[in-house]
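These protein sequences, in sequence, are chains A and B.
Sequence positions in the first sequence follow the numbering used here and run 44 to 137.
Sequence positions in the second sequence follow the numbering used here and run 102 to 625.
I should point out that these hints are in silico values taken from the structure, not numbers from a laboratory.
Glycine included, every Cβ here is placed at the ideal spot set by N, Cα and C.
Among the hints, erroneous ones may be present.
Here are the simulated DSSO-like cross-link-like pairs (lysine-lysine), alpha carbons at most 27 Å apart as the crow flies [stated by the list, open to error]: (1) B:K611 <-> B:K451; (2) B:K611 <-> B:K622; (3) B:K124 <-> A:K67; (4) B:K254 <-> A:K67; (5) B:K316 <-> B:K262; (6) A:K67 <-> B:K262; (7) B:K315 <-> B:K254; (8) B:K254 <-> B:K316; (9) B:K180 <-> B:K256.
Here are the simulated distance ranges between beta carbons [claimed, not checked]: (10) A:V46 <-> B:V303: 33 to 39 Å; (11) A:L103 <-> B:K254: 41 to 47 Å; (12) B:F158 <-> A:F62: 37 to 43 Å; (13) B:N396 <-> A:F62: 22 to 28 Å; (14) A:F59 <-> B:D345: 35 to 41 Å; (15) A:F62 <-> B:I163: 55 to 61 Å; (16) B:F158 <-> A:L51: 29 to 35 Å.
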Amino acid sequence: MAVFVGALTVFVLAIFVGFELITKVPPTLHTPLMSASNAISGITLIGALLLAGQVDNPALSRTIAVVGVAFATINVVGGFLVTHRMLAMFKKKK
Amino acid sequence: MISKELANLLYLIAAGLFIFDLKWMSHPRTAVRGNYAGVLGMLLAIVAAVLSESLDFGTMAIGVAIGAVIGLVAAIRIKMTSMPEMVGILNGFGGGASVLVAGAALIAAVASMSEGISMQTRVATVASALIGSVTFFGSYVAFGKLAEFLAVKWKLYTWQKVIKFGFSIVTIAGTGWLGFAAGIQPHGAGSPEGLMGIGIIVCGLLIGGILLRKKDRFPGMNALKGLSFLASIGVGVMVVQQPDNMMLFWLLGAVGGVLGVLLTLSIGGADMPVVIALLNSYSGLAAAATGFVINNNVLIIAGSLVGASGIILTQIMCKAMNRSLTNVLFGVMGPTSETPDADEVYKTVKSTSADEIAMMLDGVERVVIVPGYGMAVAQAQHAVKNFAAMLEERGALVEYGIHPVAGRMPGHMNVLLAEADVDYDKLREMDDINAEMEQVDVCIVLGANDVVNPVARTDPKSPIAGMPIIDADKARTVIVIKRSLSPGFAGIPNPLFAMENTLMFFSDGKDAVQEMINAVKENE
Numbered sequence: 044m045a046v047f048v049g050a051l052t053v054f055v056l057a058i059f060v061g062f063e064l065i066t067k068v069p070p071t072l073h074t075p076l077m078s079a080s081n082a083i084s085g086i087t088l089i090g091a092l093l094l095a096g097q098v099d100n101p102a103l104s105r106t107i108a109v110v111g112v113a114f115a116t117i118n119v120v121g122g123f124l125v126t127h128r129m130l131a132m133f134k135k136k137k
Numbered sequence: 102m103i104s105k106e107l108a109n110l111l112y113l114i115a116a117g118l119f120i121f122d123l124k125w126m127s128h129p130r131t132a133v134r135g136n137y138a139g140v141l142g143m144l145l146a147i148v149a150a151v152l153s154e155s156l157d158f159g160t161m162a163i164g165v166a167i168g169a170v171i172g173l174v175a176a177i178r179i180k181m182t183s184m185p186e187m188v189g190i191l192n193g194f195g196g197g198a199s200v201l202v203a204g205a206a207l208i209a210a211v212a213s214m215s216e217g218i219s220m221q222t223r224v225a226t227v228a229s230a231l232i233g234s235v236t237f238f239g240s241y242v243a244f245g246k247l248a249e250f251l252a253v254k255w256k257l258y259t260w261q262k263v264i265k266f267g268f269s270i271v272t273i274a275g276t277g278w279l280g281f282a283a284g285i286q287p288h289g290a291g292s293p294e295g296l297m298g299i300g301i302i303v304c305g306l307l308i309g310g311i312l313l314r315k316k317d318r319f320p321g322m323n324a325l326k327g328l329s330f331l332a333s334i335g336v337g338v339m340v341v342q343q344p345d346n347m348m349l350f351w352l353l354g355a356v357g358g359v360l361g362v363l364l365t366l367s368i369g370g371a372d373m374p375v376v377i378a379l380l381n382s383y384s385g386l387a388a389a390a391t392g393f394v395i396n397n398n399v400l401i402i403a404g405s406l407v408g409a410s411g412i413i414l415t416q417i418m419c420k421a422m423n424r425s426l427t428n429v430l431f432g433v434m435g436p437t438s439e440t441p442d443a444d445e446v447y448k449t450v451k452s453t454s455a456d457e458i459a460m461m462l463d464g465v466e467r468v469v470i471v472p473g474y475g476m477a478v479a480q481a482q483h484a485v486k487n488f489a490a491m492l493e494e495r496g497a498l499v500e501y502g503i504h505p506v507a508g509r510m511p512g513h514m515n516v517l518l519a520e521a522d523v524d525y526d527k528l529r530e531m532d533d534i535n536a537e538m539e540q541v542d543v544c545i546v547l548g549a550n551d552v553v554n555p556v557a558r559t560d561p562k563s564p565i566a567g568m569p570i571i572d573a574d575k576a577r578t579v580i581v582i583k584r585s586l587s588p589g590f591a592g593i594p595n596p597l598f599a600m601e602n603t604l605m606f607f608s609d610g611k612d613a614v615q616e617m618i619n620a621v622k623e624n625e
């Protein structure tokens, strides 16, 4: 239970931080914001990696986790890269 | 190998970097740096994870390699005009990963069974699987609708057919195999596992079948939507009670898939930005739930940041359409019985030509261009930029009025104009530009309709009543470039087109702008 309350605290506080940060993003950057936050949500990759690499895990669990690794990596790599491509276009001319 | 404490510290730094990423997104000047912070955070988190336990690198590398290649190729090859689809499908992969991780974690926990499965893990597993599955299937539908191959009547390109039929076949075959091999065959069709297997097969058939149809609505759709929602909750509770029953877990994923498909299928057109933002939020929440499953703070923080971000964008989009989220998800938008007759409204429409416009543009001081989805379809952003540059050379001030829901995702118009190298200072927000609209000589509406319909201000009975609009009608002269007088997403006529100071230029967006450029040059 103690673990849960700690995790819940982190969860709630992070949501507040998220609200504060995102309200400051101008509409011009809403699309890059979405693709960047999308890439961040690929953080599930960490969980997938830990499960896929764990030698003691049942084979089925590891197999499923490897597919999860691939999915999350698409999310992370694709997300950060398209964000970069978009942001590179938002230049101010001299 | 590094100690657990060090790994946790690295996770903390990663979480901090994610926060900076979003913070720096608040200005185009710092946004690039923000994205680098995000990449660095992700790398740190990955390094911390793979070094924190003695892991087998081989299996991990296979997954990473496959994912990285697909992600790289997709991100490099995608065209800027297809960005809504790209964002849509990426959300889906995040959601799918959450389901898979929750499943893999559950299998591992059941197999070790050393201390039993805690209540937190059980509830989080259910949340992760359910939200993840809704996100995955919902995002596929959003992708399919944006790429125009789902629920459409026209003929499809080969690649569209491959995806459309491939997805349905894989879903039906996959659920069929799972239901039979893990449920019916070993336990018999009448056993609880057998029944769950049948349930999974039915869900697969529903998903696969519905996605092959050429319409996005069918009788009883809302009833089925409600039913699949209740079923998801019911199965979710059962998974909490018997977490060691894997068949139940897969059934939960399957039912969530049906829900995801039904929630997104009937939404289209102008409501798409809301759905994309909402799915973005779900993918974050699913990641946070996965964090609760494996007790990992960096997943919880990153996931909730994204969840919050998506919720705010959803809210902004809903507000910009003056509709509630429930109305977007369950309602039907369309003409009411009070809607005035289009022929009556359009009696006084005046049509114009490029030459006439060129003469009018001679010596203007302020021009505002209001782009809509039509500009994206016609890919007219580069022509628009050239047109604006030409007027600026002649001493006019040219700006853009951007409605928050113009296009198919939040910020869609901004990305397209940025691609054409338009300075972001020239992209003015709705309230901003409305305050100055009366001083504008010429307002050019390019492929937008409902977002400039003055009925939203004047007629309280209209379906778009109260929706904030760009007050194009207040400019001295309005030029509307549109292919025909067909209604926009709301299905109602637009009196702006028939106003005394409005001229209609019936043409494809790109051709029209090009003709205007030529005409202005000849006019000199």
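Checked hints:
| no. | hint | in the structure |
| --- | --- | --- |
| 1 | B:K611 <-> B:K451 | holds, 21 Å |
| 2 | B:K611 <-> B:K622 | holds, 17 Å |
| 3 | B:K124 <-> A:K67 | holds, 8 Å |
| 4 | B:K254 <-> A:K67 | violated, 42 Å |
| 5 | B:K316 <-> B:K262 | holds, 16 Å |
| 6 | A:K67 <-> B:K262 | violated, 42 Å |
| 7 | B:K315 <-> B:K254 | holds, 5 Å |
| 8 | B:K254 <-> B:K316 | holds, 7 Å |
| 9 | B:K180 <-> B:K256 | holds, 22 Å |
| 10 | A:V46 <-> B:V303: 33 to 39 Å | holds, 38 Å |
| 11 | A:L103 <-> B:K254: 41 to 47 Å | holds, 42 Å |
| 12 | B:F158 <-> A:F62: 37 to 43 Å | holds, 39 Å |
| 13 | B:N396 <-> A:F62: 22 to 28 Å | holds, 25 Å |
| 14 | A:F59 <-> B:D345: 35 to 41 Å | holds, 36 Å |
| 15 | A:F62 <-> B:I163: 55 to 61 Å | violated, 38 Å |
| 16 | B:F158 <-> A:L51: 29 to 35 Å | holds, 33 Å |
Hints 4, 6, 15, counting from the list given before, are not met by this structure.
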